[in-house]
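**Q** Sequence:
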Amino acid sequence: MNTVASAPAEPVPAGGRKPAEPAAGPSGSHGALGEALLAEGRRVLGLESEAVAALAGRLGESFIGAVDLVFSCGGRAVVSGIGKSGLIARKVAATLTSTGTPAVFLHPVDGLHGDLGIVGADDIMILISKSGSTRELEGLLAFAEVHHVPVVALLGNPDSHLGRRAAVSLDCSVRAEACPLELAPTSSSTAALAMGDALAMALLRRRGFDPGDFARIHPAGSLGNRLTLRVGDVMEDRDYPSVPPHCSAREIIEPLARMRGTVPVVGEERSVVGVVTAGDLTRFMQETEDFLDTPVSRFMTHTPRIASPDELGVVAMHRMEEHGIMALPVVSEGRLVGIVHLHDLLRAGAA
1 MNTVASAPAE PVPAGGRKPA EPAAGPSGSH GALGEALLAE GRRVLGLESE AVAALAGRLG
61 ESFIGAVDLV FSCGGRAVVS GIGKSGLIAR KVAATLTSTG TPAVFLHPVD GLHGDLGIVG
121 ADDIMILISK SGSTRELEGL LAFAEVHHVP VVALLGNPDS HLGRRAAVSL DCSVRAEACP
181 LELAPTSSST AALAMGDALA MALLRRRGFD PGDFARIHPA GSLGNRLTLR VGDVMEDRDY
241 PSVPPHCSAR EIIEPLARMR GTVPVVGEER SVVGVVTAGD LTRFMQETED FLDTPVSRFM
301 THTPRIASPD ELGVVAMHRM EEHGIMALPV VSEGRLVGIV HLHDLLRAGA A
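If you read the sequence shown in our numbering, its first letter stands for residue 1, the second for the next number, and so on.
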């Protein structure tokens, strides 16, 4: 008997599902499947950006009240949520802590099984929920009411039971989830995260939290370097030229070349009265035929921007970039003490 060998059955991976057909080929050759995937990605991003943008129009007295409550509490912000809201709560707690507002994440289930002991009389609670009717958060709210702990709620449903009982409720509702099944928290979790960031940054401004404060609690890595590097660590403070106002254009050419195009002009007691750049000299040369014996006071910048040795390098660098400056004279107690160059700050890690 002749038999026809059948093709071996295609193996099915664990889980019982065949792998999806890949959208093969480089960009532009995916065909209908690729276009559908791009359309879906754009739809999701559009819905989520719309959800965040809508929050701005809702901010008002309740937001100011939330900032005031968190700012005035003498303890920590205890941030809680469950599920995806719990993940957002962890991030909000971390952002608050890193920007001057001590905060801690409390899992609501752990809280109801003993961890509520971390909540002090001077603390405040920040509860995050899409529905506003999460059973575990109801337990935390009941504890807060008994112990007179103020509650700020970030809610997808501000008219919920939790929203009505919180001291301040912030409306984080969304028109639609980006999930096509309307099941997975997507737009709603993004909105809650954005509201948490808005609250943290408003508190940062209220506290007057500055780059020095940020550096103090971020000492490690490149971020710590950016926020601890001072102008005095990088500036040239030896063998750099400066010239008096009566120095001629002829005499400034060599110092300009040696100092990478920027030379301070100093008056009595080494006070900075101006600065000459290669650009200043070039423009003057184009406008004046007999320029070599002209004093630099004729074409120098009379109100130069300066830096101090104790200034953060990143701040000085941003000022240079903003005004198109390659170097700044460094002045301490009214006297020229050095010069700092943009490239030196970049090499030192100020960016």
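Since the hints were derived computationally from the structure, they do not count as laboratory data.
Honestly, I wouldn't trust all of these hints.
Label pairs and their in silico Cβ distance ranges [what the hints assert, rightly or not]:
| hint | residue 1 | residue 2 | range |
| --- | --- | --- | --- |
| 1 | Asp110 | Ala32 | 43 to 53 Å |
| 2 | Glu322 | Gly114 | 46 to 56 Å |
| 3 | Glu254 | Ser98 | 43 to 53 Å |
| 4 | Ala121 | Leu45 | 50 to 60 Å |
C-beta: ideal position from N, C-alpha, C; glycine also.
**Q** Among all the numbered hints in the text so far, which are the ones the structure does not match?
**A** Hint 4 is the one this structure does not satisfy, whereas the remaining hints hold.
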